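Engineer: This is what each chain is made of:
There are 2 protein chains.
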Amino acid sequence: MDRRKILLLIFDGLGDRPIPELARQTPLQTARKEHLDWFAANGVNGLMDPIAPGVKPGSDTSHLALFGYDSRAVYTGRGPFEAAGVGIPVRRGDIAFRGNLATVDSKMRVTDRRAGRIKDGTHDLAAALDGLQLDGGVRVLFRAGTEHRAALVLRGAGLSPHVTDSDPHEEGAVVASVAATESNGGATAHAVNAFTRECFRILKDHPVNMERAKAGLPPANMVLLRGAGIVPDLEPIGERFHLKAAGIAGVGLIKGMCRAVGMDVLEVAGATGGLDTDMVAKANAALEALKTYDLVAVNVKAPDVCGHDGLANEKVRTIERIDAMMATLKIGLGPEVVLAATADHSTPVMLKDHSADPVPVLIFGEGVRVDDVQKFDEISAAKGGLGRIRGLDLLPILLDLSGRSEKFGA
Amino acid sequence: MDRRKILLLIFDGLGDRPIPELARQTPLQTARKEHLDWFAANGVNGLMDPIAPGVKPGSDTSHLALFGYDSRAVYTGRGPFEAAGVGIPVRRGDIAFRGNLATVDSKMRVTDRRAGRIKDGTHDLAAALDGLQLDGGVRVLFRAGTEHRAALVLRGAGLSPHVTDSDPHEEGAVVASVAATESNGGATAHAVNAFTRECFRILKDHPVNMERAKAGLPPANMVLLRGAGIVPDLEPIGERFHLKAAGIAGVGLIKGMCRAVGMDVLEVAGATGGLDTDMVAKANAALEALKTYDLVAVNVKAPDVCGHDGLANEKVRTIERIDAMMATLKIGLGPEVVLAATADHSTPVMLKDHSADPVPVLIFGEGVRVDDVQKFDEISAAKGGLGRIRGLDLLPILLDLSGRSEKFGA
Chain A
1 MDRRKILLLI FDGLGDRPIP ELARQTPLQT ARKEHLDWFA ANGVNGLMDP IAPGVKPGSD
61 TSHLALFGYD SRAVYTGRGP FEAAGVGIPV RRGDIAFRGN LATVDSKMRV TDRRAGRIKD
121 GTHDLAAALD GLQLDGGVRV LFRAGTEHRA ALVLRGAGLS PHVTDSDPHE EGAVVASVAA
181 TESNGGATAH AVNAFTRECF RILKDHPVNM ERAKAGLPPA NMVLLRGAGI VPDLEPIGER
241 FHLKAAGIAG VGLIKGMCRA VGMDVLEVAG ATGGLDTDMV AKANAALEAL KTYDLVAVNV
301 KAPDVCGHDG LANEKVRTIE RIDAMMATLK IGLGPEVVLA ATADHSTPVM LKDHSADPVP
361 VLIFGEGVRV DDVQKFDEIS AAKGGLGRIR GLDLLPILLD LSGRSEKFGA
Chain B
1001 MDRRKILLLI FDGLGDRPIP ELARQTPLQT ARKEHLDWFA ANGVNGLMDP IAPGVKPGSD
1061 TSHLALFGYD SRAVYTGRGP FEAAGVGIPV RRGDIAFRGN LATVDSKMRV TDRRAGRIKD
1121 GTHDLAAALD GLQLDGGVRV LFRAGTEHRA ALVLRGAGLS PHVTDSDPHE EGAVVASVAA
1181 TESNGGATAH AVNAFTRECF RILKDHPVNM ERAKAGLPPA NMVLLRGAGI VPDLEPIGER
1241 FHLKAAGIAG VGLIKGMCRA VGMDVLEVAG ATGGLDTDMV AKANAALEAL KTYDLVAVNV
1301 KAPDVCGHDG LANEKVRTIE RIDAMMATLK IGLGPEVVLA ATADHSTPVM LKDHSADPVP
1361 VLIFGEGVRV DDVQKFDEIS AAKGGLGRIR GLDLLPILLD LSGRSEKFGA
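If you read the protein sequences in the order shown, they are chains A and B. Anchor point for the first sequence: position 182 equals 182 in the working numbering, and the numbering is continuous, going up by one each time. Take any residue in the second sequence, count from 1 to its spot, add 1000: that is its number in the working numbering.
Keep in mind the hints are simulated off the structure, nothing from the lab. Hints may contain errors.
[Unchecked claim] Rough simulated footprint, nothing fancy, chain B against chain A, three-plus residues with beta-carbon under 8 Å:
# : region
1 : 47-55
2 : 373-385
[Unchecked claim] Cβ-to-Cβ under 8 Å is the rule here; a few derived chain B residues that face chain A:
# : residue
3 : His1123
4 : Ala1128
5 : Gly1131
6 : Ala1410
[Stated by the list, open to error] DMTMM-like cross-link-like pairs, simulated, lysine to aspartate or glutamate; straight-line CA separation at most 20 Å:
#  : chain 1 : residue 1 : chain 2 : residue 2
7  : A       : Lys352    : B       : Glu1406
8  : A       : Lys352    : B       : Glu1366
9  : B       : Lys1244   : B       : Asp1002
10 : A       : Lys352    : A       : Asp323
11 : B       : Lys1056   : B       : Glu1336
12 : A       : Lys330    : A       : Asp371
13 : B       : Lys1244   : B       : Glu1288
14 : A       : Lys375    : A       : Glu34
15 : A       : Lys383    : B       : Asp1002
16 : B       : Lys1407   : A       : Glu288
17 : B       : Lys1383   : A       : Asp371
18 : B       : Lys1407   : A       : Glu314
19 : B       : Lys1383   : A       : Asp372
20 : A       : Lys244    : A       : Asp264
21 : B       : Lys1291   : B       : Glu1336
22 : A       : Lys352    : B       : Asp1002
23 : A       : Lys375    : A       : Asp323
24 : B       : Lys1407   : A       : Asp372
25 : A       : Lys244    : A       : Asp309
26 : A       : Lys352    : B       : Glu1336
27 : A       : Lys375    : B       : Asp1372
Keep in mind the model is a prediction, meaning the values are calculated, not measured. Glycine is no exception: its CB is placed at the ideal position from the N, C-alpha and C atoms.
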């Protein structure tokens, strides 16, 4: 069979536990979702531990696994993916920080950790810092995220992530002088402290802050940094699996995950990462992308949001909106596509947090060994033909079903 | 959700194979056990390979796995757990031996390897040896077990387990001079040989042996040692999983397993480790312990005894007595407890030995994804919502269900 295409649908936080409010059913068991169930009934189903049984995954470690990377071997923290998410083209060895635009007085005392939750002008402020060259040949890459949030990447020889935060984590305290936490952290600490000085020098009289002063708003004249992490050495997914891959996601962290593994990130109008996201637009964008890409990964964040907020009925409705997305795919998918639908982890409504409960997974496409599972939910999937697999197993299975696996042995 | 408690019930050797005498059913399939089945019907079920598929576990390696330790990485032999089981407070790096109180003549020839299966006075004899200081700063810790059985621990710098046995393993032979089997065994061999000399010197005229001579019984004037093993470096379970743990067991080896991982061992009147054990007393002790401990592990040895003895009907009756224990738990358990019931391995009646057959496992408690399994047995469990897991997966799953897991990633 010729090589086919892979569509990987990741419904964030979709898995759940029985909920008293839903008569001890899960949201997936409760929702009306004829199209999702159609894919289950015409596919092969199973349960999947995103990392391993009993391990409660983050979205980042789980997406790494679903993209074919052993997160227990390569994960170095969330910072590098956040940086990639705001558009910094991170490279192996870069040191990434999460940051806040903040307000300090002339004595470097923090008077507002979020600079009055600044919204406008953040990209102009960021542009004034991006590209700075610091002592020791260290290059600054800096981007604003949503509101006061930002990401900093330091690039240069001899840098390490083993440094303290410049963010004092409380107002009234002065911006912290950064120190090494291990012997190889000296150059990074020196660079971060130089960045802090440059920040104030460049931002204090920046036109955006002049305007803010006129409007009686606190200036965004400092960047407070936290959570240093080194960008891991991830072989680009295209090279690793000999394919052309694209990601579609609304939220920054997941866009960052996609970029960090070398996927093209496709922007979809209306894909917000929130409950109001346009899922059908994502489905159409995925169908369009499958014309030119071999692997298209789509993240839908909404079920996770419902889980974290403890909203059982909203999670049910979100699944019903996902079903409309599946209707679009059912019509639009050609026989050249192998589809997988799953979650990156469970976010049980009763917990308002992630859990280690395995998630349902279905695979649909020509050649799949269709089992007798009729519905896509946590209980039905346990009887499916896939059995209980791990997140790291999924992409290899899809590569094989799509005629893209390599023989081990002769 | 708040942190909850964990009750881990380990029915030793419970798993079995179809038995012709039972119309080709297993003892679990044959037994009347409405309460055990109630837990299965209201819980989630599966099969568990204590170590891995096809690996025939010992009780020690399996309990290690169920307690969350990778026995293939940390197991060094049974000796350290036997020593802990008779009450020696073993420490990492100690060298433990299993021993027999025995009778030798003046030429050190073994005339009775079990000193006439001595029962009385063994603890007095042991006390005379416990605390000895040997050449080279080696300290002796010595305790009697049941009948002629005993355990020796050597504690000191530079000791290794790589030595031969002093037990010649046959009567008529002289007590063996212990030699190193690897280059680092010299100090240990020297210490064991010194212990052997001290043994005879101290025990030959001990009042217990004077009494035995008067009664025409062979003196227990020697300790024959075998199976040297080093106490592994096991991070205490309390630190490892941030909880307070207790174990309830009738037999010494399992008490030793519990102690070796840092559990408190609770003594229960009537818990013998034999077929006559008072299982309801164990259930009540567990319920009481759950008021102050986060994790309570209970071992019931009786099914394993039936398996080793090849007694099919006795194993059925033992399961029916286990069911009375489950009735007690069903009434007494509060919603703050997550319960797991399983076995450490199968001990098929037809084999009279352990086998690698996976064992049934059920998990019951708030939040569990109840499946449609109605009975607790080896065949029904295979269709459950847990699928097929490993022993090392179980505690992480229980920690997550009880709100005690930590997130991997963000």
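Engineer: Work down the list of hints and note, for each, if the structure agrees.
Structural biologist: The hints, checked one at a time:
1. A count of 6 residues in the region 47-55 of chain A with a Cβ less than 8 Å from any Cβ of chain B is obtained; the coverage claim is therefore met, three being the minimum.
2. Closer than 8 Å: that is the beta-carbon criterion, and the region 373-385 of chain A has 4 residues meeting it against chain B, so the requirement of 3 holds.
3. Contact between His1123(B) and chain A, as hinted, is not supported at the beta carbon level, the nearest pair being about 42 Å apart and thus beyond 8 Å.
4. Because the smallest distance between the Cβ of Ala1128(B) and any Cβ of chain A comes to about 48 Å, over 8 Å, the interface hint for this residue is violated.
5. At a threshold of 8 Å, the smallest CB-CB gap from Gly1131(B) to chain A is about 43 Å, leaving the interface hint violated.
6. A least Cβ separation of about 4 Å between Ala1410(B) and chain A falls short of the 8 Å threshold, and the interface hint therefore holds.
7. For the proposed pair Lys352(A) and Glu1406(B), the alpha carbon gap of about 14 Å is at most 20 Å, so the pair holds.
8. For the hint linking Lys352(A) to Glu1366(B), the alpha-carbon distance of about 15 Å falls within 20 Å, and the restraint holds.
9. Under the criterion of a C-alpha separation no larger than 20 Å, the hint pairing Lys1244(B) with Asp1002(B) is consistent with the structure, at around 16 Å.
10. As the CA atoms of Lys352(A) and Asp323(A) are separated by approximately 23 Å, the hinted pair breaks the 20 Å bound.
11. Only pairs whose Cα atoms come within 20 Å are accepted, and Lys1056(B) paired with Glu1336(B) is rejected, the gap being roughly 34 Å.
12. The straight-line distance between the Cα atoms of Lys330(A) and Asp371(A) is roughly 19 Å, inside the 20 Å bound, and the hint therefore holds.
13. For the hint linking Lys1244(B) to Glu1288(B), the alpha-carbon distance of about 14 Å falls within 20 Å, and the restraint holds.
14. Between Lys375(A) and Glu34(A), the direct Cα distance comes to roughly 9 Å. Compliance with the 20 Å bound is thereby established for this hinted pair.
15. With a C-alpha separation of about 31 Å, the suggested pairing of Lys383(A) with Asp1002(B) is violated against the 20 Å cut-off.
16. The hinted pair formed by Lys1407(B) and Glu288(A) fails the criterion: a straight-line CA distance of about 36 Å is larger than 20 Å.
17. A distance of roughly 14 Å separates the Cα atoms of Lys1383(B) and Asp371(A); the hinted pair therefore holds under the 20 Å criterion.
18. Proposed proximity of Lys1407(B) and Glu314(A) is contradicted: the alpha carbons are some 25 Å apart, above 20 Å.
19. Taken as a hint, the Lys1383(B) and Asp372(A) pair is honoured in the structure, with Cα atoms around 14 Å apart against an allowance of 20 Å.
20. Straight-line distance between C-alpha atoms of Lys244(A) and Asp264(A) comes to about 9 Å, which keeps the hinted pair within the 20 Å bound.
21. For the proposed pair Lys1291(B) and Glu1336(B), the alpha carbon gap of about 10 Å is at most 20 Å, so the pair holds.
22. About 12 Å separates the Cα atoms of Lys352(A) and Asp1002(B), which keeps this hinted pair within 20 Å; it holds.
23. With a C-alpha separation of about 12 Å, the suggested pair Lys375(A) and Asp323(A) falls inside the 20 Å cut-off, and the hint holds.
24. Distance hint between Lys1407(B) and Asp372(A) is unfulfilled; the C-alpha atoms sit about 34 Å from each other, more than 20 Å.
25. Distance check on the hinted pair: Lys244(A) and Asp309(A) sit about 36 Å apart at the alpha-carbon level, beyond 20 Å; violated.
26. For the proposed pair Lys352(A) and Glu1336(B), the alpha carbon gap of about 18 Å is at most 20 Å, so the pair holds.
27. Proximity of Lys375(A) to Asp1372(B) is assessed by CA-CA distance (about 15 Å); at most 20 Å being required, the pair is judged to hold.
When the structure is compared with the earlier hints, violations turn up for hints 3, 4, 5, 10, 11, 15, 16, 18, 24 and 25 and for no others.
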